[in-house]
Amino acid sequence: MKLLFDLFPVILFFAVFKFAGVYAATAVAIVATFVQVGWVKYRHGKVDTMLWVSLGIITVFGGATLLLHDETFIKWKPTVLYWFFSAALLFAPILFKKNLMRALLEEKIKLPDPVWGNVNLAWAAFFAVLGVVNIYVAYSYSTDAWVNFKLFGATGMMIVFIFAQAAMLSKYVEEDKKEKP
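Taking the working numbering, the leading residue of the sequence shown gets 109, the next gets one more, and so forth.
Hints were generated in silico from the structure; no laboratory data involved.
Every residue, glycine too, gets a C-beta built ideally from N, C-alpha and C.
Do not rely on the hints blindly, as some may be mistaken.
The calculated label-pair distances, taken between Cβ atoms and stated as ranges, are [said to hold, decoys possible]:
#1 Met276 <-> Ala211: 17 to 27 Å
#2 Ser250 <-> Val223: 34 to 44 Å
#3 Lys126 <-> Val223: 37 to 47 Å
#4 Tyr280 <-> Phe127: 38 to 48 Å
Hey, can you work out the whole structure from these sequences and the hints?
Listed below in structure tokens is the structure:
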């Protein structure tokens with residue numbers, strides 16, 4: 109359910125694009141992200157920083173797309189978001205002495221400190237590459253192909269990466285279970 113909730117604006121963008129084009133889809137994605145933030149605020153009282161960042165980026169890039177009637181801006185939106193995530197993951201340990209992936213996942217899995225560093229770097233690299241792939245698709249293929257990639261390709265890449273990470277980290281889960289009587 110969390111994955112579907114996180115993909116809510118993307119799914120709506122995809123659906124509206126297929127029936128009404130990129131500009132209507134962009135407007136719907138902006139509204140959907142505002143609704144998403146409102147819902148999280150209403151249900152949990154606090155909105156994660158990354159969701160605020162996503163709202164800001166979709167508002168700026170989506171707004172530029174609508175105001176300038178140029179779909180290039182909305183095509184750059186995922187890349188800017190992915191590169192922001194990558195930079196945050198890379199610079200948080202340096203600037204704030206905080207491993208963001210550890211902060212996000214340490215309640216779910218126990219890992220040695222060096223492994224947390226590798227997990228953080230792997231996610232930073234993944235988001236950097238995903239940003240490059242998005243731009244490649246945006247400039248090399250039709251807008252329709254880019255929209256399909258945005259929902260299916262990027263999401264598929266994310267799922268494959270998560271499963272690969274889970275497989276690599278599974279040995280630590282097994283070790284943790286063996287240590288508990």
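Hint-by-hint comparison with the structure:
1. Checked against the given bound of 17 to 27 Å, the beta carbons of Met276 and Ala211, roughly 20 Å apart, stay inside it.
2. Look at Ser250 against Val223: about 42 Å separates their beta carbons, and that is inside 34 to 44 Å.
3. For the pair Lys126 and Val223, the supplied restraint of 37 to 47 Å holds, since their beta-carbon distance comes to about 42 Å.
4. Take Tyr280 and Phe127: their Cβ atoms lie about 46 Å apart, and the range 38 to 48 Å holds.
Hint compliance for this structure: every hint is met.
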